[in-house]
Structure formats: C-alpha cells, structure tokens
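Engineer: Kindly produce the complete structure, drawing on both the sequences and the hints.
There are 2 protein chains.
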Amino acid sequence: MQRPYKHIDATEIQGFEKVFRANLINSLSGLKPANLIGTTSQDGQTNLAIFSSVIHLGADPALLGFIQRPLGEQSHTYKNIKETGYYTINHIQEHIVEQAHYTAARFSREESEFEACCLTPEYLAQFHAPFVQESLVKIGMRFKQEIPLTINNTILMIGQIEHVFLPEHVVLDKGNLALDETAAVCVSGLDTYYRVSKLAQFPYSKTTNLPNFSQKSDRNSSKR
Amino acid sequence: MQRPYKHIDATEIQGFEKVFRANLINSLSGLKPANLIGTTSQDGQTNLAIFSSVIHLGADPALLGFIQRPLGEQSHTYKNIKETGYYTINHIQEHIVEQAHYTAARFSREESEFEACCLTPEYLAQFHAPFVQESLVKIGMRFKQEIPLTINNTILMIGQIEHVFLPEHVVLDKGNLALDETAAVCVSGLDTYYRVSKLAQFPYSKTTNLPNFSQKSDRNSSKR
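For the protein sequence lines, the chains are E and X, in the order given. The first sequence begins at 103 in this note's numbering and counts up by one. The second sequence begins at 103 in this note's numbering and counts up by one.
Honestly, the hints are just simulated from the structure, not real lab data. Treat the hints with care, since some could be wrong.
Since copy identity is lost for identical chains, a pair holds within one copy or between any two.
Dumping the calculated DSBU-like pairs for lysine-lysine here, alpha-carbon to alpha-carbon at most 35 Å [said to hold, decoys possible]: (1) K276 to K308; (2) K246 to K184; (3) K181 to K276; (4) K181 to K108; (5) K181 to K300; (6) K246 to K276.
Structural biologist: Dropping the structure here:
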C-alpha cells in the first residue's frame with residue numbers, strides 16, 4: 103500500500119469533530135450523482151432540493167430510490183411527495199451547479215427554492231410536479247414506496263419513472279446517455295463538485311472475453 | 103427546453119429492447135460511484151465484484167449501503183457477507199478500471215476474480231475480508247442489516263465502517279477526500295467510465311449567504 107498512508111479505525115471515526123466526520127464519511131462512498139428533486143405541496147407551493155443519494159434500483163420496472171434524511175421541521179420534499187404522490191429528478195449540469203448547491207439552505211415552506219436560486223419551474227406532459235427548465239435531463243417520478251431504515255432513522259424513498267425529457271442527441275445507440283456531453287456533474291462529500299470526461303467504455307464482461315491482464319501487467323512492469 | 107428533445111414515457115420504456123432499456127435506465131440516476139467489494143467465503147475462497155450502487159447512509163453511525171441484485175446461482179458477494187459478516191469496499195481508480203470492469207464476468211465460486219483480473223488481495227489490521235492492494239481508498243465494513251426490497255427482489259445491504267486505509271495527503275483539512283488526486287472514476291450505465299476534475303467547492307449553504315443569482319443571471323444575459 104502506498105506510503106505514507108493513514109489508517110483510521112471505528113474509534114477514531116467516532117471521536118472526530120462532527121463536521122470533519124460528516125465530510126469524511128460522505129466522501130467515502132465515492133463520487134455521487136448530483137440531482138435536484140422538484141415537488142409541489144397540496145397548496146401548490148413549489149419546492150426544489152439537491153440530493154446526492156439518488157440510486158438506480160432496477161430497469162424493469164424502472165425504479166430509482168433516494169435517501170431521505172431523518173424527518174424534521176423541514177423535510178419539504180418528503181412531505182410534498184407524500185401529499186401529492188409525484189416528484190421530478192433533474193440532473194445537475196455545470197451551468198447550474200452553484201444555484202443547485204444553495205437549494206440546500208433552510209428556506210421556509212412558503213419560500214420556493216426555484217425563485218430564491220433563480221431556477222425555473224417547468225410543467226411538461228401535464229405532470230403534477232415541476233421539472234427544472236435549466237436541467238438537460240429531467241425525470242418524472244411516481245412515488246411507490248417508503249422503507250424506513252430504522253438503523254439511523256433515514257428513509258429509502260422508491261419511485262417509478264413515468265417520463266424522461268432530454269436532448270435527443272445524448273441518447274446513444276445502445277441506450278447509454280452521454281453524460282459528458284450534457285456536462286453532468288458529480289459531487290463528493292457535502293460541498294465539492296466534479297466535472298467528468300469520458301475515460302473508457304468496455305464490452306459486456308464475460309469469462310470468455312477477458313483481456314490478458316497478466317501480459318499487460320508484465321508489459322507495464324518491463325517498461326518501468 | 104432545448105430542442106430537439108426527446109420525450110420518453112413509461113409505455114415506451116416498457117417497450118424498449120432489454121439491453122437498450124437497461125443501459126438507459128442505468129444512466130438516468132446520474133453518475134455513479136465505482137467500487138470493488140471484496141469478500142471471503144467460509145472456506146477461505148476470495149471474491150471480488152464491481153458495484154456501482156454503494157451509497158452513503160449516514161455519518162453517525164458511519165453507514166454505507168449497496169444494492170444486491172435479485173439472488174441467483176451466483177451472488178457470491180452476498181453469500182460470503184452472510185457467511186462471514188465482513189466485506190471491504192475499495193474505490194476504483196483510473197489505473198485499475200479495466201480490471202475492475204471484468205470482475206463482473208460470471209466466474210465460478212472456485213475462481214477468484216482477484217486472480218483472474220490480476221488484482222491483489224491484501225489483508226490489513228487483522229480484518230477478515232481482503233482489501234484490494236491496488237486501490238488507494240479501502241474501507242473495511244461490518245455487515246449490519248439486509249433490507250429486502252420486495253418491489254423488485256433486490257436487497258439493500260447495510261454495513262458499518264470499521265477501518266479506512268488511504269494515502270494521508272488525500273484527506274483534506276475539513277475531512278473531505280481529494281477524489282481527483284486519487285484519480286477515482288465514476289460510472290454511467292453498465293459500461294462507461296468517467297474521470298473527474300474539480301469544478302467547484304461552495305460554502306455551507308444558508309439562506310443568509312446566498313449569492314445574488316438574479317444579478318449574475320442579468321449579467322449573463324446582457325453579455326449575450
């Protein structure tokens with residue numbers, strides 16, 4: 103293992119100052135997707151919030167999840183989803199990353215993050231919840247199920263994809279999205295955003311099409 | 103919304119050819135972390151598998167989750183975790199991305215992906231499960247709980263962080279990890295890997311420290 107390296111054990115983690123621990127643990131899962139979730143209350147008040155916990159659950163049915171933090175006075179996204187049954191997931195791209203970041207501030211329920219952060223609610227296909235006009239990849243979600251994670255009072259929220267809106271050219275031949283072309287960002291920890299560029303694409307992996315890694319590695323070694 | 107754009111609804115999604123749909127839906131959650139999960143069976147046979155579903159669940163206690171696909175003949179990672187109670191999560195960096203990708207091939211339980219893909223099992227701090235020597239960020243996990251997601255037969259696997267090993271210089275002052283310095287990669291869909299570069303870091307967002315977005319946006323407009 104590369105030196106000097108740091109070994110941190112559970113006791114040390116427990117002893118870290120709160121913000122330091124939050125930043126460290128939030129960075130450990132690796133790079134995270136950056137999305138904005140749009141909702142409307144029963145009374146028609148719009149809400150928008152950044153989430154780094156959206157996760158693919160399955161393609162058939164087409165399900166996405168996200169982690170709702172322990173419920174509190176705020177939790178407007180959760181309340182609106184429970185009231186109305188619908189929400190939108192909108193990718194965050196480079197041109198809106200700063201506005202998206204600040205949707206996390208504690209606005210009152212009467213204030214809309216759309217307005218405060220200069221993003222535009224967009225209503226498409228008679229869908230109940232507002233999309234983010236500025237986002238290039240917008241997903242309309244129908245709420246399906248909430249699963250309380252009693253271990254730390256978070257909630258796994260599960261929804262099914264009802265609509266997708268995105269520029270035609272970013273859908274590649276085999277269904278992949280060119281997330282570098284949309285300038286999608288990812289996030290690390292609580293406050294750091296990364297841009298992406300394509301590194302590699304590999305064939306479907308089978309035991310019968312393995313590259314000859316040992317030869318490659320010999321080649322690399324002999325180069326050193 | 104930027105034109106020409108594509109509107110895809112639930113019926114169309116359902117009608118797509120299977121691989122196309124899998125690629126599309128797997129791309130929609132946004133950029134995903136790329137990790138290798140290392141385990142050992144009761145009999146001491148090592149296993150290594152790529153996962154793009156590792157997710158931060160909470161910092162106190164320090165919990166990470168991942169989604170286990172519907173169980174089948176294979177599912178060696180799941181079986182080993184249930185047998186032994188321990189596993190490792192290892193970030194995938196640029197220098198091992200191809201090897202990591204091919205750990206997804208269907209090896210038999212008697213074959214180790216470590217060997218087949220030329221990665222090195224590393225035992226640290228008397229931890230039961232093998233780390234990936236070549237990875238720069240390695241996490242030792244204790245299995246805590248499995249939550250069946252009956253909606254599609256996947257399972258949310260939850261574990262607690264017991265050990266972290268990483269190069270000292272990538273832990274920044276406030277606990278964030280410099281994931282660009284480690285050359286961590288993220289993944290989109292099933293086969294496309296992206297490298298990252300730092301785009302921005304913003305202060306903790308409060309309603310009292312909002313940038314003046316409307317002024318910025320006016321400025322941008324007047325430039326056009």
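Engineer: If a hint holds in the structure, say so; if it does not, say that too.
Structural biologist: Hints, one by one, checked against the model:
In this assembly of identical chains, K276 and K308 lie within 35 Å of each other by CA distance solely inside one copy; the values are 18 Å within and 42 Å between copies. Taking CA atoms no more than 35 Å apart as the test, K246 paired with K184 passes in both settings, with 10 Å inside one copy and 29 Å between copies. Taking CA atoms no more than 35 Å apart as the test, K181 paired with K276 passes between copies only; the shortest distance there is 32 Å, against 37 Å inside one copy. Proximity of K181 and K108 under a CA criterion of 35 Å is satisfied inter-copy only: 30 Å between copies versus 42 Å inside one chain copy.
Taking identical chains as interchangeable, the C-alpha atoms of K181 and K300 lie at most 35 Å apart only when they sit on different chains, with a minimum of 34 Å there against 38 Å within one chain. Taking the closest pair of Cα atoms, K246 and K276 come within 35 Å of each other only inside a single copy of the chain (28 Å); across copies the shortest separation is 38 Å, beyond that limit.
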